[in-house]
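Participant: Chain by chain, the residues:
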Amino acid sequence: DIQMTQSPSSLSASVGDRVTITCRASQSIGRYLHWYQHKPGKAPNLLISAVSTLQSGVPSRFSAGGSGTEFSLTISSLQPEDFGTYYCQQSYTTRMYTFGPGTKVEVK
Amino acid sequence: EVQLVESGGGLVQPGGSLRLSCEASGFTFSTYTMDWVRQAPGKGLEWISFISTSSDTIYYADSVTGRFTISRDDARNSLYLQMNSLRDEDSGVYYCARGAGSGWLDHWGQGTPVTVSS
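Chains as they are written, first to last, in our numbering: chain S, 1 to 108; chain X, 109 to 226.
If you are wondering where the hints come from, they were derived from the structure by calculation, not from laboratory data. Ideal Cβ positions, reconstructed from N, Cα and C, are used throughout, including at glycine. Take these hints with a grain of salt, some might be off.
[What the hints assert, rightly or not] Taking lysine-lysine and the PhoX-like style, the derived pairs with C-alpha atoms no more than 25 angstroms apart in a straight line are:
{"#": "1", "chain 1": "S", "residue 1": "Lys-104", "chain 2": "S", "residue 2": "Lys-39"}
{"#": "2", "chain 1": "S", "residue 1": "Lys-42", "chain 2": "S", "residue 2": "Lys-104"}
{"#": "3", "chain 1": "S", "residue 1": "Lys-42", "chain 2": "X", "residue 2": "Lys-151"}
{"#": "4", "chain 1": "S", "residue 1": "Lys-104", "chain 2": "X", "residue 2": "Lys-151"}
{"#": "5", "chain 1": "X", "residue 1": "Lys-151", "chain 2": "S", "residue 2": "Lys-108"}
{"#": "6", "chain 1": "X", "residue 1": "Lys-151", "chain 2": "S", "residue 2": "Lys-39"}
{"#": "7", "chain 1": "S", "residue 1": "Lys-108", "chain 2": "S", "residue 2": "Lys-39"}
{"#": "8", "chain 1": "S", "residue 1": "Lys-42", "chain 2": "S", "residue 2": "Lys-108"}
[Said to hold, decoys possible] Have a look at the derived ranges for each label pair, beta carbon to beta carbon:
{"#": "9", "chain 1": "X", "residue 1": "Phe-135", "chain 2": "S", "residue 2": "Thr-5", "range": "32 to 40 angstroms"}
{"#": "10", "chain 1": "S", "residue 1": "Glu-106", "chain 2": "X", "residue 2": "Thr-136", "range": "36 to 44 angstroms"}
{"#": "11", "chain 1": "S", "residue 1": "Gly-41", "chain 2": "X", "residue 2": "Ala-208", "range": "19 to 27 angstroms"}
[To be verified] To be clear about the criterion: a stretch of chain S counts as covered by chain X if any three or more of its residues have a C-beta under 8 angstroms from a C-beta of chain X, and this derived list gives those stretches:
{"#": "12", "region": "25–37"}
{"#": "13", "region": "42–51"}
{"#": "14", "region": "77–89"}
{"#": "15", "region": "96–104"}
Produce the complete structure using the sequences and hints provided.
Facilitator: And the structure:
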């Protein structure tokens, strides 16, 4: 099974800060890596698909990249509404999708 | 507007059963794969099952294999999850999600809570 890790597990940053979250896979997963934002009591929201494709309606301050086993999500200028937990997800193995453990983002 | 609305969650004793439903609207349900994902209290997201269009292909996470059954009724625009032999660790919020492209989940429901407790 492919294992996903994320770092940091949590962070606290100020409005306007640049924030980067890293996601690592236990083996190469090509471009089968996606990012979600999840706020308490809400449905998870797809931010980025296939490593770097920004979803419609997602602010341009979100960007992502990477390849192979190491990927990153960056928020260029953190806004108050960006709080929540961010998850990466691999779909390389169609028989077993896996999510990373999540990175909880707090906006000071 | 794409909408996914889960229902059927609740309190059940260990060893019991529940059937979750997910009613879809705003898109041609029959042409999309669907998934179930859950979140245990205080934990992260866990993918648990996938069903292809026409129900040709079905996958389960190891944690639910043999106990859970995913199905769909395209005439009713509905996705289901039959959960048997429930355990304490099956407690959580269960989300249905629409599959897209190469395995990302582009629309999710609000979730339905399941509590397994005696």
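Participant: Does each hint hold? Answer for all of them.
Facilitator: A quick look at each hint next to the structure:
As the CA atoms of Lys-104(S) and Lys-39(S) are separated by approximately 10 angstroms, the hinted pair is consistent with the 25 angstroms bound. At roughly 15 angstroms between alpha-carbon atoms, Lys-42(S) and Lys-104(S) fall within 25 angstroms of each other, so this suggested pair holds. Straight-line distance between C-alpha atoms of Lys-42(S) and Lys-151(X) comes to about 15 angstroms, which keeps the hinted pair within the 25 angstroms bound. Note on Lys-104(S) and Lys-151(X): the hinted pairing holds, with a Cα-Cα distance of about 11 angstroms set against a maximum of 25 angstroms.
Simply put, Lys-151(X) and Lys-108(S) have alpha-carbon atoms about 23 angstroms apart, close enough for the 25 angstroms limit, and the pair holds. Between Lys-151(X) and Lys-39(S) the alpha-carbon distance is near 13 angstroms, which keeps this suggested pair within the 25 angstroms criterion. A distance of roughly 16 angstroms separates the Cα atoms of Lys-108(S) and Lys-39(S); the hinted pair therefore holds under the 25 angstroms criterion. For the given pair, Lys-42(S) sits about 21 angstroms from Lys-108(S) by alpha-carbon distance, which is consistent with the 25 angstroms threshold.
A C-beta distance of roughly 34 angstroms is found between Phe-135(X) and Thr-5(S), which places it inside the suggested range of 32 to 40 angstroms. Restraint check, Glu-106(S) to Thr-136(X): a C-beta distance of roughly 40 angstroms satisfies the suggested window 36 to 44 angstroms. Restraint check, Gly-41(S) to Ala-208(X): a C-beta distance of roughly 24 angstroms satisfies the suggested window 19 to 27 angstroms. Counting residues of the region 25–37 of chain S whose CB falls under 8 angstroms from any CB of chain X gives 4; the rule of at least 3 is met.
Counting residues of the region 42–51 of chain S whose beta carbon lies closer than 8 angstroms to any beta carbon of chain X gives 7, which reaches the threshold of three, so the coverage claim holds. Given as covered by chain X, the region 77–89 of chain S passes the check, having 3 residues with a CB less than 8 angstroms from a CB of that chain where 3 are the minimum. Coverage of a stretch by a chain is defined here by at least three residues with a beta carbon nearer than 8 angstroms to that chain's beta carbons; for the region 96–104 of chain S and chain X the count is 7, and the condition holds.
No hint from the list above goes unmet by this structure.
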